[in-house]
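Visitor: Taken in sequence, the protein lines are chains A and B. Position 270, counted from 1, in the first sequence is what numbering that gives the first Met the number 0 calls 269; the numbers after and before it change by one each time, with no gaps. Position 185, counted from 1, in the second sequence is what numbering that gives the first Met the number 0 calls 184; the numbers after and before it change by one each time, with no gaps.
Since the hints were made in silico from the structure, they are not lab data. Predicted model, so just to flag it, every value in this text is computed and none were measured. Each hint should be verified, as a subset may be incorrect.
[Said to hold, decoys possible] Okay, derived cross-link-like pairs now, EDC-like style, lysine to aspartate or glutamate, Cα gap no bigger than 16 Å in a straight line:
(1) A/K155 <-> B/E81
(2) B/K26 <-> A/E163
(3) B/K3 <-> B/E51
Here is how the chains run, residue by residue.
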Amino acid sequence: MKIGFYPGCSLKGTSREYNESVQAICKALDVELVTIKDWNCCGATAAHSMNRALSLALPARVLALAEQQGMDEIVVPCASCYNRLSVTQYELANDENLKKEVVDAMGLPYEGKVRILNVIQMIEKYLLDVIPAKVTSKFEHAVACYYGCLLVRPHKILNFDRVEDPQSMDRIISLIGGTPIDWGFKTECCGAGLSVSRTDLVAKLSANIVKDAADRGAKAIIVACPMCHSNLDMRRPDINEVLDSPIDIPVLYITQAIGLAIGLSVEELGLQRHFVKVNL
Amino acid sequence: MENKDSISRRLKAATGIDTALCYQCGKCSAGCVLADDMDFPPSYILRLLQTETPDSDRAVLTSNAIWICLNCENCIGRCPKEVDIPSMMDFLRAESRKAGLVSPKAKTVIAFHKSFLEQVRDTGRLYEVGLEMAYKLRTFRIFQDVKLVPSMLAKGKLHFLPEKLSDTSVMKNLFQRISGKEDTK
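Next up, chain A with everything else stripped away, as it sits in the complex (with noise of 0.2 Å):
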């Protein structure tokens, strides 16, 4: 099996990780991802926040390089990305004016009809089936499993999961053997983009995820987004600044945690780049 690829900036810089547990567990689950060549990057929160326009023509030029090179579905990773892409999919198909403006800009032919999945939908389109026969060792921990803002929302054009109170990769930790948690942030804001200009934004929002997870028995957090683990990971120090008495559970990508259980290794997982060490 064959999908188009968009990695996004975060996975080949600081997430290069999750880049490396989606790349193992697809190859030990013989599903082959092509990425899209020439790709850039879908501009991000500092796109929309500052010229909509480009927030747009950043991403169809992403959109338009799949069609032409023969792609009818790609797996973007990255929640922001994913979220960026099926954002500017259905603003384009919804204005034909802002689509002429948005395509001139960008210089190449746009249908639109790229077929857009997130990381838990690919597994869940692609891999669920084959993972049981795979689990060699069971991942047998309790934890909370945090969706953050760009995977769930806005759910009138994502259209995935649940927006309060999403299942997905709970599920999906209950087959791979762990035990999902009930917690109350699971779609919280971790504080996202502003990781560096408002490091005390970010701090005291992760804080109160953290927490929680921590308080209601999570030994680890569960992400599918580079940033919201960037914030909850590397930012753990400033975390722990705010908190009353520093809280040490890891924060793993879901890949991770199904490369684990499906025998793959800390390095072909990347577990070793994280900052609050992983002693699962």
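Once you have looked at the hints, place chain B on chain A.
Guide: Using the frame of chain A, we list chain B on its own:
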């Protein structure tokens, strides 16, 4: 007196978002994770815009709320009238910059966005080292996060050279065609 140039009217004309739909239930502000840190939480912004007075409009455009809003979309997820507050915030940010009314408290946020987009314009992708350098030069926060560098290097998370598109003029042209119509500076 009727204010034909109010933000509410321009917002509706440009995006279709209607501030009059808001009946001040306050669910957006109750669910907003940063409401405590905002000078005007989302429902207050909407109320100010509904008055359509120049003073209220000015209060909105000079607020820090529009710049710390994370676009986490919790507000629209809970709004009974589905007022698209996140898209409204994008519109207000652009208006605030056009009018030269940006809150001084938002300087670091804008410096980050500008540095980010410069990297994308120059290489087509985000180069994190370049972003940090440009941001530090803009904000004079030279020592921020420096303590992270050794461990990021050890963990293989920083690269010394940016990844680039095969033809970097593609991005420059895209940015140029867009900035011909709108302010990106």
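Visitor: With reference to the structure, classify each hint as holding or not holding.
Guide: Tested hints:
no., hint, result
1, A/K155 <-> B/E81, "holds (10 Å)"
2, B/K26 <-> A/E163, "holds (14 Å)"
3, B/K3 <-> B/E51, "holds (9 Å)"
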